[in-house]
Amino acid sequence: MVADPVVPFQVAPELFPNGIGRYAVGGLLVGLGAVVIYVGTGIAAGASTFLESTLSYVSGQSRFQRYVASRDWRLVFTAGIVLGAALFAATVQSGLVTSSLYQPGTTGELYEFAGFTLWLTDVQPWRLFFGGILVGIGTRVGKGCTSGHGVCGVGSASKTSIVGVMTFLAVAIGTAQIVAALGVTP
Amino acid sequence: MSDRHPLFKPLIFVGGLIFGFGLGFSQMARPEVVLNFLTFEDFGLLFVMFGAAIVSGIAFAVMPRIRESAPLTGDRYERRLKPFDRNVLIGGAIFGVGWGLSGICPGAAYASLGVGNVTILWALAGMFVGAYLQGWWRSRSADVDSVAASAD
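Chains F and G, in that order, give the protein sequences.
Position 30, counted from 1, in the first sequence is what the numbering used here calls 30; the numbers after and before it change by one each time, with no gaps.
Heads up, the numbering used here is the position in the second sequence plus 186, with the first residue counted as 1.
No wet-lab data here; the hints were simulated from the structure.
Using N, Cα and C, we set each Cβ at its ideal position, and we do this for glycine too.
Heads up, a few of these hints could be off.
Stated by the list, open to error - Reference excerpt, derived from the structure (chain F facing chain G, CB under 10 Å, subset only):
(1) Val30
(2) Val39
(3) Thr78
(4) Leu87
(5) Thr98
(6) Gly115
(7) Thr117
(8) Pro125
(9) Gly153
(10) Leu169
(11) Ala170
To be verified - Estimated spans, in silico, between C-beta atoms of each pair:
(12) G:Asp271 / F:Gln177: 27 to 33 Å
(13) F:Gly174 / G:Arg326: 30 to 36 Å
(14) G:Asp271 / F:Trp126: 31 to 37 Å
(15) F:Tyr111 / G:Asp329: 46 to 52 Å
(16) G:Ala311 / F:Ile162: 28 to 34 Å
(17) F:Trp126 / G:Thr259: 38 to 44 Å
(18) G:Ala311 / F:Ser94: 26 to 32 Å
(19) G:Glu264 / F:Pro104: 37 to 43 Å
(20) G:Thr259 / F:Glu14: 43 to 49 Å
(21) G:Phe229 / F:Ala157: 20 to 26 Å
Said to hold, decoys possible - Output of the computed footprint for chain G on chain F, the stretches with three or more beta carbons under 8 Å from beta carbons of chain G:
(22) 20–26
(23) 49–62
(24) 66–76
(25) 136–146
(26) 155–165
Take the sequences, apply the hints, and build the full model.
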């Protein structure tokens, strides 16, 4: 009987199977976007308030009406995010611009549309929808999401945000592990 | 807020463009990549979140020292810290379950639409439903509270 050799660190043979380039560069750009807005306006931008501020256009509930003053620029911010990602799709994702810092990976499905390479998730719609409902409730009750708490809050060393991030990160890891263990894929 | 500088919205838009491009480049717009982080298959997300936090943190630390107020709003550069209460924990935990189930958060969902992922409309619809439910509930309890207070 041959005993398996004990290899240290075997639990995580590859911490970064897709390299770190795309993550580091992407993270710097996300931070830079937040910096541009902060330097120009003094606003620490978050993405989830858009959900409530946009509801103020169609609902008179007091909870949404408090965001009337900021709803226009939040719409502009979100349109910028959508179009910025579309610009990425039209350039890097479509192969027009290539970089050794960008690993395309193998997740989801690529498809061609109007000369551009677009991308579709394989994650099942029910996960997206029910997860989305909880994201909508949780980010608003919890005062922020991965951008407001995670990027701006942690960046300004806010204790509230650091506790918020640790909470949602730990619960999300537990949830994703349980869902994966139950055999739900993708 | 109609007296804002004419460049206010254009600048917000440019910031959003860079932000969204970064979410696309980092593949945070792909739920699979986020789920791979949460199941410990690829730790790259840490570079995105902390990389972005460090970059914005430099601006948050430096700007108040070199300028009094922001050019386009006249607002002072200051930390507007969110008060801590148990909602941060309750909401954070609910968000965590949703994020772990779907692999998507609000900013990444907007970006996901931009990279062509129309399936993400399910998540965006869910987020609006969730935001509406909590807003409806909290508006109602706030109204009940104010009625109770004025009856005192």
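### Message
Please verify the coverage claim for the region 20–26 of chain F: does it have three or more residues whose C-beta sits within 8 Å of some C-beta in chain G?
### Response
holds (count 6)
### Query
Would you say the region 155–165 of chain F counts as covered by chain G, given the rule of at least 3 residues with C-beta under 8 Å?
holds (count 10)
### Message
A closest beta-carbon separation below 10 Å is what the hint needs, so does F:Val30 meet it against chain G?
### Response
Holds, because the Cβ-Cβ distance from F:Val30 to chain G comes to roughly 4 Å (cut-off 10 Å).
### Message
Is the interface hint satisfied for F:Val39? The criterion is a beta-carbon contact with chain G at less than 10 Å.
### Response
holds (6 Å)
### Query
How about F:Thr117: closest beta carbon in chain G under 10 Å, or not?
It holds, given that the least Cβ distance between F:Thr117 and chain G is near 8 Å, below 10 Å.
### Query
Do G:Ala311 and F:Ser94 keep their Cβ atoms within the hinted range of 26 to 32 Å?
holds (27 Å)
### Query
Would the stated hint for F:Pro125 survive a check requiring a Cβ distance to chain G of less than 10 Å?
holds (4 Å)
### Query
Should the hint that F:Tyr111 and G:Asp329 are 46 to 52 Å apart at their CB atoms be regarded as holding?
At roughly 48 Å between Cβ atoms, G:Asp329 and F:Tyr111 fall inside 46 to 52 Å, so the hint holds.
### Given hint F:Thr98 near chain G, where the shortest CB pair must fall under 10 Å
violated (13 Å)
### Query
Is the hinted range of 30 to 36 Å satisfied by the C-beta distance from F:Gly174 to G:Arg326?
Holds: the Cβ-Cβ distance is about 31 Å, inside 30 to 36 Å.
### Query
Do the numbers back the hint for F:Leu87, that is, is its least Cβ distance to chain G under 10 Å?
holds (6 Å)
### Query
Between G:Thr259 and F:Glu14, does the C-beta distance stay in 43 to 49 Å?
holds (46 Å)
Violated hints, in rising order: 5, 6; the structure is consistent with all others.
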